[in-house]
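Peer 1: If you want the building blocks of each chain, they are given just below.
There are 2 protein chains.
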Amino acid sequence: MLEREDEDALRQIVGSSGVLLAPEDRLPYETAARYGGGTAAAVVRPADTAQVAAVLRHCVRRRLPFIPQSGNTGLVLGSTPDDSGGQIILSLDRLRAAPRIDVGDRTATVAAGVRLSALNAALEPHDLFLPIDVSSDPMIGGMVATNTGGARFLRYGDMRRHVLALEVVLPDDAGTVLQLSGGLRKDNAHLDLRQIFIGSCGAFGVITSATVEVHPRPRQSAVALLVPRDEEAIFELLNAFESEAGEFLTAFEGMSEAAMRHALAHVPSLHNPFSDGLPAYAILVELTSASAYRAGGPTLDAILEAVVTQLAERQSAPLTDVRFGRSERLWALRHALSEGLRAAGPVVGFDLSFRRTEVMPFRRVAIAQLGAIFPEYEVCDFGHVADGGVHFNLVHRTRATPETSRVQQLRDHVLELAVHDFGASFSGEHGIGRANQPAYDHYTPASIKTYSAAIAAVFTRLPAAAVRFGPPLPAGERG
Amino acid sequence: MLEREDEDALRQIVGSSGVLLAPEDRLPYETAARYGGGTAAAVVRPADTAQVAAVLRHCVRRRLPFIPQSGNTGLVLGSTPDDSGGQIILSLDRLRAAPRIDVGDRTATVAAGVRLSALNAALEPHDLFLPIDVSSDPMIGGMVATNTGGARFLRYGDMRRHVLALEVVLPDDAGTVLQLSGGLRKDNAHLDLRQIFIGSCGAFGVITSATVEVHPRPRQSAVALLVPRDEEAIFELLNAFESEAGEFLTAFEGMSEAAMRHALAHVPSLHNPFSDGLPAYAILVELTSASAYRAGGPTLDAILEAVVTQLAERQSAPLTDVRFGRSERLWALRHALSEGLRAAGPVVGFDLSFRRTEVMPFRRVAIAQLGAIFPEYEVCDFGHVADGGVHFNLVHRTRATPETSRVQQLRDHVLELAVHDFGASFSGEHGIGRANQPAYDHYTPASIKTYSAAIAAVFTRLPAAAVRFGPPLPAGERG
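Protein sequence lines correspond, in order, to chains Z and P.
Quick note: the first sequence uses my numbering, first residue 17, plus one each step.
Quick note: the second sequence uses my numbering, first residue 17, plus one each step.
Some clues are possibly wrong.
Note that identical chains are pooled: a pair holds if it fits in a single copy or bridges any two copies.
[Said to hold, decoys possible] SDA-like cross-link-like pairs, simulated, lysine to any residue; straight-line CA separation at most 25 Å:
#, residue 1, residue 2
1, Lys465, Asp188
2, Lys465, Asp189
3, Lys465, Glu140
4, Lys465, Asp153
5, Lys465, Glu419
6, Lys465, Gly439
7, Lys465, Pro362
8, Lys465, Thr65
9, Lys465, Ala384
10, Lys465, Pro454
Everything labelled a hint here was simulated from the structure, so no lab data went into it.
Predicted, not measured: the structure shown is a model, and the values here were computed from it.
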């Protein structure tokens, strides 16, 4: 609950309509995109950077814990409060001025509360786009804060690669606003402070605006589903596509039979490309080109067919089947996998990332172990094989709500296998939120924790203590 | 001069042959690649990471200032000592174990003292390369420390985009060795400390090893020199190539007549592609493809010709001339520009970086102003137009050694125009060394300096003070 004094002060800053106290008004902000949520003391919605700074100043001075939230599409409880009812949600959803697009510079300056879809709609008339491809529609602030990767990382990289300038408000008692870099592509004139705020989930400061590099839209694409002979063949396919299709290769996404089956069962609009039964594993491969000069030569469809034919003709072919299809149809299946799992039953999800050669070995060991120890769960994984990212999701075979302790055992088992035995990251691209705090505490090397906490102290002007994800400013309680 | 006690201790760590004291042994390490240099107390050459850590521990405990040096190819006195004779050069040139190449993972783990050419030679049998293109042959440690960009940045980005893991030795009294990330492409499980060491020129720690992502080598390329109609046409050409040639566009490099003239005059092996007189400005444009599937379709040469023809046929064509030629020949001219200027006379060089739309407007204003105020200098610029980088070099028209105060006036004038009036960075890709310290002190916002110094203090465990580039640990003198 907010004290009267704080309520008045915050209304003073953001206007009466910018402070939401009624449970029904708070609810959409308190509810996480997929799983869980909590109870906030209030939702505060500043309308510009100055208001964000004033809110932070007030919160820091009064030691009120707050959580920045933009699109609230995250999966690790990074933007929703806990159950205490004592945390303030700092929503950035009113920071949504129209993006300033500089076509010649190929950049866009975007407020934190602008959705990815809105940015791309604004860029479309210029044949430009921000090529970060995810199944949800996040806002730019959260994308920077979590360093969003996604399904076309292989070709375009993550948000870190696209951020040329940042505006950040620090959680200090002055509400310091930092303008980091001037939108230059090359700038090595001082320590690149931008990098500390990208991917650190608001723990060091609140992102209010970013200038991002954007790219020419593809003019042509070709997509197919490949059925690999076996686990080893997946790598043979990837290497062949990288060396034969070169810069055209834009996505190489693995999908398990279980994940596809649940999506097809629960999302009626989907088309099943495998009419004669789903394979154990399929790979969505995409080639794209932004060049105008393909018309006279082989189309990307022809190139895709040529690579596939060559692979199918190899002795001990790595490929047992292939389905060509309309790009939107095949991507629709890929993007519906999460929704399908959610509908299928209680999900225990992991956003793992490996050296890419370790993805399939991990998968084999994990499936064998889990089948023996946790038979009530079905492995329904999918992911970005070419960059080592795996959404290793487990769906309970019955709709019974599993016991918390059993879920915890399962989480511990998978993380220990992945992080300890296979050198994985427990958060490839979902960032760090409350859901990941135990993994952070357990697996992060002590030195990294110590230096991170000391750097947090630099920006918050508070004594160094453990970095707690979730509220970036647990102030007195910190550590 | 090294005290006897320190000499003995360092010999104990790196062996007798690892400590160079004789002036003739020190000289190559004391001499900067192009301009200047200084006098060292000693050159210390550790053979592995443990020795680097022991040397740093000793230096920190004894408050001995040291400068890390790898390839010593930098242009801003970042790896050579001052004239005091009191600084130790910490050379990393013995850290040159063979790169560990993981073909399936498309990564290489490389010691700091391995040259770019040696890494690429090791990668070549696998049809892979590290696509950072510079005119010199730096070592990996320095490339990470300065975040090398270069001439193919447009397509491949800088070192920051390629570093997946880092080993860093901190300048603290424990000689702490940090292993930062495990070589994963996606890892957002904690603050990405790697980023603090990339591009900060050793001020926060000494890089001893890096795991870098590498790429399939191009199988085909096409290169031409374009002569733009005028300044505005340059941008029309760039936009046309980006939208028509898409992902094939790999370089778009501007060269002034003066820069080309000096290179052709002083580098006998060069071929002049403009037999009928040099144009005022030319652009080297390169298309490359790593795809195998071009044979049946238009070659890159054909695509390049098609784009050029289309541009030449436009009303008020942005193109007045074009020369096609062998890639190596045209690149040889581009890569010889620096050498040509050095031979032509005393050079005052700037490594500026702009929003790319500001490159030509700055150039126009600068040439007009300098012609009026500093007529004894000729502007001989060249650079990476598409990413806003400009090597804005001025050559004295006579070989007379200019007065220091006059050079200082010139430097101040150009920097004020570029950084203050045009929002440029004074160090696009050369990093920060002693040569840039005055610009750093003058132009870096106070907040950036304060936070950088506080972060340096985190890693050195010393009190925060101003970050001084050059010796990363001026210890007692710091601030």
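Peer 1: Which hints from the list above does the structure break, by number from lowest to highest?
Peer 2: Violated hints: 3, 4, 5, 7, 9; rest satisfied.
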